[in-house]
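Going line by line, the protein sequences match chains A and B.
Residue numbering for the first sequence follows the working numbering, starting at 1 and increasing by one per position.
Residue numbering for the second sequence follows the working numbering, starting at 1001 and increasing by one per position.
Hints listed in this document are in silico derivations from the structure and should not be mistaken for laboratory results.
Don't take every hint at face value.
[What the hints assert, rightly or not] Straight-line alpha carbon distances no greater than 30 Å define the calculated BS3-like cross-link-like pairs of lysine-lysine that follow:
#	chain 1	residue 1	chain 2	residue 2
1	B	1285	A	181
2	B	1285	A	185
3	B	1015	A	471
4	A	377	A	259
5	A	259	B	1191
6	A	38	B	1285
7	B	1085	A	407
8	A	589	A	498
9	A	426	B	1002
10	B	1085	A	259
11	A	185	A	146
12	B	1285	A	182
13	B	1003	B	1285
14	A	407	B	1285
15	B	1181	A	377
16	A	496	A	523
17	A	498	A	550
18	A	146	A	177
19	B	1003	A	259
20	A	97	A	140
21	B	1253	B	1039
22	A	38	A	177
23	A	38	A	220
24	A	177	B	1285
25	B	1285	A	220
[What the hints assert, rightly or not] Distance windows between CB atoms, simulated:
#	chain 1	residue 1	chain 2	residue 2	range
26	A	409	B	1285	26 to 32 Å
27	B	1261	A	469	29 to 35 Å
28	A	469	B	1237	54 to 60 Å
29	B	1129	A	549	57 to 63 Å
This structure is a prediction, so every number in the text was calculated from the model and none was measured.
For every residue, glycine included, the Cβ atom is placed at its ideal position computed from N, Cα and C.
Here is what each chain is made of, one letter per residue.
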Amino acid sequence: MINLFKTLRTKSIPDFNLSGHSLCRTILIGGEAGQGIKSAGLIVSHALLLAGFNVKLYDEYPSLIRGGHTDVLITFSEFPVYAPNSEVDVMVCIDHKTFINRKQDLNLNSIILYDENEFRLDNNETNVYPCEIFTIPVNKIIKTYKLPAYTKNTIYLCACLMTLGIDIDTTKQAITKVLQKKPDKLNLNIQACELTYQNLNDIFGIRQIKVTNQNNLKKKRFFLSGNECAGSGAIEARMGFYAAYPMTPASSLLDFMFKHYRTYNFIVKQTEDEIAAINMAIGAAFAGARSMVGTSGGGFSLMVEGLGLAAMTETPLVIFLAQRPGPSTGMPTWTAQSDLLFVLNASQDEFPRVVLTPTDHEELREMTFLAFNIAEKYQIPVFILSDKYLSESYTTITYQDPNPSKKIDRGLLLNASALARIENFKRYEFTNSGISARSLPGQINGIHLANSDESDEYGYSNETSEIRRLKMQKRFKKVENVSSDLPGLNVYGAHKTKYCIVTWGSSKGSALEAIRRLQMMNKYIKLVALNYVEPLPEKDLISILKPMKKIFLIENNYTGQLYNILRHLIDTSLVVRFNKYDGRPIFPKEIVDFILTSI
Amino acid sequence: MKKIYQRDDYNTNQKCTWCPGCGNFAIWYMLKQALFELKINPHNVVIVYGVGCSGNGANFTDVYSFHGLHGRALPVAQGIKLVNKNLKVIVMAGDGDSMGIGIGHFIHACRRNMDITLIMHDNQIYGLTTGQLSPRSDLGMITKTSPTGNFETPVNPISLAISSGATFVARGFSGHPRPLKEIFKAALIHKGFSFVDVLQPCVTFNKLNTYAWYNARAYYLQDDSTYDVHDFNKALSVSFIWGQRIPLGIFYKNYAPTYEDSLNIDINVLQTMDSSPQDISEILKEYEV
Ligand SMILES: Cc1ncc(C[n+]2csc(CCOP(=O)(O)OP(=O)(O)O)c2C)c(N)n1
Ligand code: SF4
Ligand SMILES: [Mg+2]
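Work out the full structure, taking the sequences as your base and the hints as a guide.
Next comes the structure, spelled out in structure tokens:
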């Protein structure tokens, strides 16, 4: 046993049982990029999940493979965790940068774990932050027991879990779960775990975190990323074709598809570029497959012409766009909500589309499923707007078997016998709804032309003013009733209040956590979280916002893109805006502070 | 259900919009003839068109047709083929479409070797936009956008196709419709990516590469009975012949597994109009706590 463990201060370790005003606790693990920091985060998350907590994990990493700095933020609670919190309770500093970058997020009760043989925290630094600082003899343990360097993270994370009172069996189970795909490394990591628990037992071993609420352990829970949710939704919808060119933060969705295409029998194609991706998907959809592309803003820039082609040929198409900060390459691995106006307006001329903005992981799955139904029913392009934060963060969800009424709606798709009865098939027939029936290549009697040129009911090029007018009207008429297929407005929080937060997409989580905290301060706030922006649920929105004294519009962009849409509908003098545009997600604390100062 | 098609069933009721004498007529006519003679039924054919004079042909042939974007016909065709292997998928696009804006897709289509036929209407000019320089325009050619004569080396589509992995590479000429039909038939029968570069006089905007100009230079590789279409190096060296003499016929042919066969996923788009959601509990199991 090496007796080198020491604390720099003598305060006892704070009690991390959750109570009172803090329903959540947050761990930050930081170190050099490419050193398995995320795996460490996943192990810690799984240990907490096994102990009965709900967990959210968000990692921040640079756009490079080695060197640079990576942070994993893990927020856990017995209650639902809506967002990763920025206030850090346990900071695991595998490198010095972790402390330097995030010291402002520490509080009096935080603890810091680091190894003084890795770097030194000098007195100037530690005096400013009067929290508990423990040096963990990671390098000593490695040397003494001749462990390989890759087990270092395990020692750090075990120390971290010990401070929380997670027992060794749970930790080992979590390590096994996360590293099961690397069996060669599993054994020595388990050994490192055992040695850490032995050596640090005197200091941390007595702790035992108490989970008062056993309900979580009874439920079937899943821990997965946003892109895994979106991918599951697409497979649930029986997507037949997915095409993409790798681009963060949508790349992991492409990887997910490649993992599953053989089992679920669909085509996935990594294309030469995004132009090919969208055109291939349009071809596949024309031939009858439910088709989807995935990209980020830069890739979507290349897809814009293809978007118009889908609209013109009335080919159903789902476009998954995970936003990241731009312009140009921007900050590839960071987050933003700044492509809303882009997807709403991207076009040659005018044509309708639907823009879904799922607000959390479960909606990401549900709305991806929904997107295919809408695309096929209305024969239009449908967007799913995610972002790096939503796509790559992990959360705990409970999943019930789908409602038996949940249906795949392929829209007006003619089968062989229906086509046999048709003479002179008009693929683009003018109908009352604007929607006309589709036939698929290979079907007898369904031959037609899908034309990028303006065309008549058969698809033949036609530039007469009459056909042009009728076709424009047809395309727009199709979506007049699309709202009937969209869910009702997401409204949360207090009923009787004159204050309302408005968000769209991924910012909902932090807003929910913020109103929960504000409620504990007896400040009652309502929240409207838009999960689609086109068509805009104008009526419902106005009826909720009209009685308000103040409207807090919270967006992760510079110009206030939703604000620019809503300003025509609401009294702008009541609006106070919070815009963040530094590549980081909006954190609950920021919303709380903003609202406290602007109420 | 079976349907017997007549020769005329390959025509729509739409009027042709090409200039009288345009090389597109022979291509159009001979492709329909080849399909008919091979008994490939119109409902099993998809032709994907690029944008250009050739693309306007989308209106005239009565098979499943997709008139796509300028330069992007190949990806559309590949998407179709990937989800329904039973279709005969053909792409018709101009030289600007295939060798200019869409050249990236061309190279990738060659190396992917899907069972698709690309017919390039090679008039060495931009026809539809009324006579600008093409990446296929010969050196010295004067066009609206090369008033002092072209000084960019033309793209060599044949050598590019061979070196990129196309498994069938040929060149035909609109002025020789019968051999052109035979080349089309060979391309359509070939399993894998087949590319036919068709020299297609543009009588309105290309006053250099006329019927007479091509006629004076054209000869057929297959006239030499010792020419071995499977000889990659030979084909590559012959592909560089252009000028006083212009080789026509099949340059190169080989057999390689197609992309769709290697992928080996058949999603049966015509059979799977299923309306129940896919059960994803197995996927989620991996994430279960
Ligand atoms: C993205 C885009 N850029 C430009 C055009 C305009 N355009 C239409 S056809 C064409 C060139 C046609 O040349 P080619 O492909 O050789 O066909 P041809 O008309 O000679 O048959 C161009 C530039 C377009 N339709 N789309
Ligand atoms: S412009 Fe040239 S290519 Fe176009 S139709 Fe006329 S002759 Fe043919
Ligand atoms: Mg041309």
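Against the structure, the hints:
no.: 1; hint: B:1285 with A:181; result: holds, 15 Å
no.: 2; hint: B:1285 with A:185; result: holds, 23 Å
no.: 3; hint: B:1015 with A:471; result: holds, 21 Å
no.: 4; hint: A:377 with A:259; result: holds, 29 Å
no.: 5; hint: A:259 with B:1191; result: holds, 29 Å
no.: 6; hint: A:38 with B:1285; result: holds, 21 Å
no.: 7; hint: B:1085 with A:407; result: holds, 28 Å
no.: 8; hint: A:589 with A:498; result: holds, 21 Å
no.: 9; hint: A:426 with B:1002; result: holds, 21 Å
no.: 10; hint: B:1085 with A:259; result: holds, 23 Å
no.: 11; hint: A:185 with A:146; result: holds, 15 Å
no.: 12; hint: B:1285 with A:182; result: holds, 19 Å
no.: 13; hint: B:1003 with B:1285; result: violated, 48 Å
no.: 14; hint: A:407 with B:1285; result: holds, 22 Å
no.: 15; hint: B:1181 with A:377; result: violated, 42 Å
no.: 16; hint: A:496 with A:523; result: holds, 11 Å
no.: 17; hint: A:498 with A:550; result: holds, 7 Å
no.: 18; hint: A:146 with A:177; result: holds, 24 Å
no.: 19; hint: B:1003 with A:259; result: violated, 41 Å
no.: 20; hint: A:97 with A:140; result: holds, 22 Å
no.: 21; hint: B:1253 with B:1039; result: holds, 23 Å
no.: 22; hint: A:38 with A:177; result: holds, 14 Å
no.: 23; hint: A:38 with A:220; result: holds, 24 Å
no.: 24; hint: A:177 with B:1285; result: holds, 13 Å
no.: 25; hint: B:1285 with A:220; result: holds, 10 Å
no.: 26; hint: A:409 with B:1285: 26 to 32 Å; result: holds, 27 Å
no.: 27; hint: B:1261 with A:469: 29 to 35 Å; result: violated, 47 Å
no.: 28; hint: A:469 with B:1237: 54 to 60 Å; result: holds, 57 Å
no.: 29; hint: B:1129 with A:549: 57 to 63 Å; result: holds, 59 Å
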